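Produce the complete structure using the sequences and hints provided.
Respectively, the protein sequence lines represent chains A and B.
The first sequence begins at 1 in our numbering and counts up one residue at a time.
The second sequence begins at 1 in our numbering and counts up one residue at a time.
Read the hints as simulated data drawn from the structure, not as lab findings.
Source: prediction; values computed, not measured.
Treat the hints with care, since some could be wrong.
[As the list claims (entries may be wrong)] With a straight-line Cα cutoff of 20 Å, these simulated DMTMM-like cross-link-like pairs (lysine to aspartate or glutamate) come out:
hint: 1; chain 1: B; residue 1: K100; chain 2: A; residue 2: D56
hint: 2; chain 1: B; residue 1: K100; chain 2: A; residue 2: E44
hint: 3; chain 1: B; residue 1: K1; chain 2: A; residue 2: E44
hint: 4; chain 1: B; residue 1: K100; chain 2: A; residue 2: D99
hint: 5; chain 1: A; residue 1: K100; chain 2: B; residue 2: D99
hint: 6; chain 1: B; residue 1: K1; chain 2: A; residue 2: E11
hint: 7; chain 1: B; residue 1: K68; chain 2: A; residue 2: D99
hint: 8; chain 1: A; residue 1: K100; chain 2: B; residue 2: E56
hint: 9; chain 1: B; residue 1: K42; chain 2: A; residue 2: E44
hint: 10; chain 1: A; residue 1: K100; chain 2: B; residue 2: D39
hint: 11; chain 1: B; residue 1: K1; chain 2: A; residue 2: D57
hint: 12; chain 1: A; residue 1: K100; chain 2: B; residue 2: E95
hint: 13; chain 1: A; residue 1: K68; chain 2: B; residue 2: D99
[What the hints assert, rightly or not] So the derived label-pair ranges between C-beta atoms look like this:
hint: 14; chain 1: B; residue 1: G16; chain 2: A; residue 2: N71; range: 46 to 56 Å
hint: 15; chain 1: B; residue 1: D27; chain 2: A; residue 2: E14; range: 34 to 44 Å
hint: 16; chain 1: A; residue 1: Q80; chain 2: B; residue 2: D67; range: 43 to 53 Å
All C-beta atoms in this analysis are idealised placements derived from N, C-alpha and C, irrespective of residue type, glycine included.
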Amino acid sequence: DAGVIQSPRHEVTEMGQEVTLRCKPISGHDYLFWYRQTMMRGLELLIYFNNNVPIDDSGMPEDRFSAKMPNASFSTLKIQPSEPRDSAVYFCASSTWGDKEYFGPGTRLTVT
Amino acid sequence: KQEVTQIPAALSVPEGENLVLNCSFTDSAIYNLQWFRQDPGKGLTSLLLIQSSQREQTSGRLNASLDKSSGRSTLYIAASQPGDSATYLCAVRPETSYDKVIFGPGTSLSVIP
Chain A
1 DAGVIQSPRH EVTEMGQEVT LRCKPISGHD YLFWYRQTMM RGLELLIYFN NNVPIDDSGM
61 PEDRFSAKMP NASFSTLKIQ PSEPRDSAVY FCASSTWGDK EYFGPGTRLT VT
Chain B
1 KQEVTQIPAA LSVPEGENLV LNCSFTDSAI YNLQWFRQDP GKGLTSLLLI QSSQREQTSG
61 RLNASLDKSS GRSTLYIAAS QPGDSATYLC AVRPETSYDK VIFGPGTSLS VIP
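Rendered as structure tokens:
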């Protein structure tokens, strides 16, 4: 398996623009997690899905953030409108229940 | 609320030394604990997973121990190498919300040749 795939790897955008991050989990994994990592706050769980259904979105910082998982092999995290404080590395991870989490390489987002 | 801390925040050792990284968690009701490695600019890689019923797990030069009752775990790295330089994070899976893990802040390790 190719592992968890994320795109784009780097994104630079201007404040106010819409940003869409994409993730393809490992085939057969029924859990998908979106994390954000910053120097100040470390690694934060934003939202996770089980069998394509959002289970816990309590970590989503604001209504500007939304996530979808239309099928077992694809998920998106959207920020609209983006702000400079959204600049961070966004990770997607997948797993089966109770097992190791497998992380993607991350998307480094810079909002100017 | 479960909180995970790691000491030290940063560590620098000469090549060849054995070293120990520490992880503490406030609520002993955990399902399992993982140790991850993160290289600069990369994602996290799971190194070891210890179930709550286990005391330790070993993989090559790595040994992780778990003392659930005292809320502690250690990651022992034997004969450290420059390639071990990375940030090491521990993460616990609480019994009360076992779908997700809670991460510590990490220990940044530098192994000097």
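Hints, verified against the model:
1. K100/B - D56/A: holds, 9 Å
2. K100/B - E44/A: holds, 11 Å
3. K1/B - E44/A: holds, 15 Å
4. K100/B - D99/A: At roughly 10 Å apart (the allowed maximum being 20 Å), D99/A and K100/B satisfy the hint.
5. K100/A - D99/B: Holds: K100/A and D99/B sit about 11 Å apart, inside 20 Å.
6. K1/B - E11/A: violated, 34 Å
7. K68/B - D99/A: Answer holds: K68/B to D99/A is near 18 Å, not above 20 Å.
8. K100/A - E56/B: holds, 16 Å
9. K42/B - E44/A: holds, 16 Å
10. K100/A - D39/B: The given pair, whose Cα atoms are some 18 Å apart, holds under the 20 Å limit.
11. K1/B - D57/A: Answer holds: K1/B to D57/A is near 17 Å, not above 20 Å.
12. K100/A - E95/B: Holds, at about 16 Å.
13. K68/A - D99/B: holds, 18 Å
14. G16/B - N71/A: 46 to 56 Å: 50 Å Cβ-Cβ, so the 46 to 56 Å window holds.
15. D27/B - E14/A: 34 to 44 Å: Given range 34 to 44 Å: holds, Cβ gap about 43 Å.
16. Q80/A - D67/B: 43 to 53 Å: Holds - the Cβ-Cβ distance for Q80/A and D67/B, about 46 Å, lies within 43 to 53 Å.
Hint 6 alone, counting from the list given before, is not met by this structure.
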